[in-house]
Amino acid sequence: MDISILAFLAQDGLTTGAIYALVALALVLVFSVTRTILVCQGDFVTYSALTLATLQLGLMPGTLWLLLGCSLAACTLDSIAALRRGQSRRVPGLLARYLGLPTVLWVVLDTFELAGLPAVLQILLTLALVTPLGPLLYRLVYQRVAETSVLLLLIVSVAVHITLVGISLLMFGAEGVRTDALAEAVFMLGELPVGLQSLLVIASALLLIGLLYAFFGHSLYGKALRATALNRKGAQLVGIPTQLAGKAAFGLAALIGAISGVLIGPLTTLYYDSGFLISLKGFVAAIFGGLASYPIAAASAFFVGVLESFANFGASAYKEVIVFTLVIPVLLWLSLKHPHLEEQH
Amino acid sequence: MIRRLIPLFALLLLAGLAPVLLPTFHVTLLNYIGLYSLVALGLVLLTGIGGMTSFGQAAFVGIGAYASAVLTTQYGLSPWLGLLAGLAITLVVATSLGLLTLRLAGHYLPIGTLAWGLALFYLFGNLPGLGGFGGLQNLPNISLFGWQVRDPADFSLLIGLLLAISLWLLDNLLHSRQGRAIRTLKDSAGMAEAMGIDTARSRLQVFIIAALLAALSGWLYAHLQRVVNPTPFSVVMGIEYLFMIVLGGVASLWGALLGAALLTLIKQVLQDVLPQLFGHADNVEMIFFGVLVILVLQYARGGLLPLLSGLFPRAQPRPLPEHPAHALPRRTMPANGQPLMVAEGLLKQFGGLVANKDMGLTVNGAEITALIGPNGAGKSTLFNLLSGVLAPNAGQIVFLGQRIDGLSPRAIARLGVSRTFQHVRLLPDMSVLENVALGAHARGEAGLLRSMLHLEREEEAALLAEARRQIERVGLGAALHTPAGSLPLGQQRIVEIARALCSDPLLLLLDEPAAGLRHAEKQALAHLLEQLRSEGLGVLLVEHDMEFVMGLADQIVVMEFGQRLAGGTPLQIQQNPAVLAAYLGGVE
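Protein sequences appear in the order of chains V and H. According to this note's numbering, the first sequence is numbered sequentially starting from 5. According to this note's numbering, the second sequence is numbered sequentially starting from 436.
Just so you know, the hints here were simulated from the structure itself, not pulled from any lab data. Given the structure is predicted, the values throughout are model-derived calculations rather than measurements. Hints are supplied without guarantee of correctness; some may be wrong.
[Unchecked claim] With the C-beta cut set under 7 Å, the calculated list includes, among others, these residues of chain H facing chain V: (1) THR488; (2) LEU526; (3) VAL527; (4) PRO545; (5) TYR557; (6) LEU558; (7) VAL719; (8) ILE722; (9) LEU730.
Glycine included, every Cβ here is placed at the ideal spot set by N, Cα and C.
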């Protein structure tokens, strides 16, 4: 292994690591607000990449129909609840809130020649299509079970993931896709070729990590979100709307996922079911940070990416084995550090 | 006994008759339901009852399948040796994985199972000699005393038989001393340890049983299919097994069968219908299952079996024998008035907070000692130090001449110190009898195998008789078979005392036993404690109710700011100026 291979592997590892870092951050974010382990975070990534690829082909992405369906379902649920409480005047507002964006997107997607749109618009459309799925999922699936145990929420999450993968196959088919590169340039750093796209990915990831860290550590809204996770009842009593907090966390997670998808799309071939492994590796990183620490989770994600990249080179058949076996000692260490977790809820 | 066997015979009859009555295709479906049921049964025990969620069971199915496939196709050995090897490898793998991951707290465990489930799956696909992702072909038939298990009809009988045996063994297990211990694992492990139950061991046992059942299913699967490849042993299948028990009913053995049947049948129907709608079926069925599981968890959290079980008559509790063949051995009481537990110089700090400082007390046999003090005085910390929940930073606790500070709650319990909890810790769905019998756990010794084969009935009868004796003694004889959770809080406290008594203690530690009791109940409790005292038992109680304490206690220890403020008889305490100052606000 000479220095150029080493550098190539490191660059490759850091780029995937950046995506894992974004996934890990979203996982930590959602877990620390709702106690939900969001197994489907990786699915937001694939949804976004595959939606963008579909737009670039000039086709109508299936994501729109999913968004419409989920919006309709959530709108119906909320309208029924409003009617039962005798607040029929709230229904038009609900209709506008839930169905406004999907309708606008529908009109836009139907009117324009999609393949010819500038890349920025395609990306914005993708983000607009994928991000609302987060809060909608919270409303449709999690809101009803928000008070239950972490374990039950985990099983729900797995069920959501399984559902989303099935829908993904329906919407995008089994073909793997790559989106067009955002930045094709490659420049030389001394002897080493460095892809601008890779740099873009890493820089965006670092920027997002910094923003989140600042948001949760230092803003009142971030603190309110964290309070919700620690003690739902207590947070409610001091006037934090916990359902809104849940929706906000899911929305942020979906947005981060969608951005990750846009970033990673040109670099790796993604399939309808690639989300699971992405999630799990983000997980591994998030777990390193005890599902609580943003900086440790991010750092570990880069580590996982590089490890995977080198394992891929050295023992490609065993790369998944190596990555996943690594989790167990970490989990063990965490359990020894925080014993008796089961008695707390 | 007979009642419990009827469904098993019905199951065998179904397995025997199905091939005669149904077309082969349906028999094959039933066979698969049987195979999945075996795995799901283990998962019910592990997840539904033991509270350890596993997404990795499919990997154990794979070990069972691959072990036999390799030995039979590449070494020409008998499938029976393959089964033995599969179970042996599973035992080793499950024991090591269990030792590594069962310590994982809360949600880390299921994530751990995902991790090793994935790792094992990729090993199946990549280890040399396992045929890669193409797998191994042409497995031989199983033969048993000349009976070739070849057709679906043969398999129906074999699977039915193994399933019935597994159900019988697990049902036996759940109705035994070991089974009661397993039921504490889900959310009462701390209480269980205080009753002398080795919960880590129980967890490992349950994990291994579930893994072995999965391996058995894998062995049958391999020889039924006669081909193995990694796909059916992936984490996705592991998730499906979990879905089965969520749909059927997580906490009941028959729920596993119902879930396996539901998932298999729905899948079959979908595979017939979906291609006409979408052109292909793979994964589209998973949308359906995903949504179904979400709905079940939202609206029927216990699964579907509890909804159906209203249709069947409820099993009557088994009558208890009046006089068991042998009574449980009892400890010899130390001479009256002898010091049982002596604590000296105890120091406990939490970071910068000193909760107990230079604290000491003595509890004598045949005496009631009360520990009182204002809120925040450090009584609960002291209680936790004495019962082993916390270890002191300094000082020593001696029980009957033996140092016990730093020992685990389990070890202390086994020496003859039993306790109750300030916040009642009973298993609400279990009957009062079973809850109280938990206290006698350390007085029995029947192991897992004897419990599964029901060879421990004599000991079990003695344990239950002891539990009933204690329940009747505390005056709850009428509530023997009532679920403990349905009793009023005051009575639940009394059940906790009966549970503590069931361990035949020398020293009883009671944490606010009179809280929430009505006047008459308090009098009954005082009477009971007096009676225990007269039998030579030592009692230490933490209590707020002064009237209760003053009328009952022989010695009172008063704590304030983590230290001993005063000690003496109730009369001395009532006249102690320091105590009056602490309680009423002193006049300088």
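Query raised in the report: Which numbered hints are broken by the structure, listed smallest first?
Result: Going through the list in order, the structure violates hints 2, 3, 9 and respects the others.
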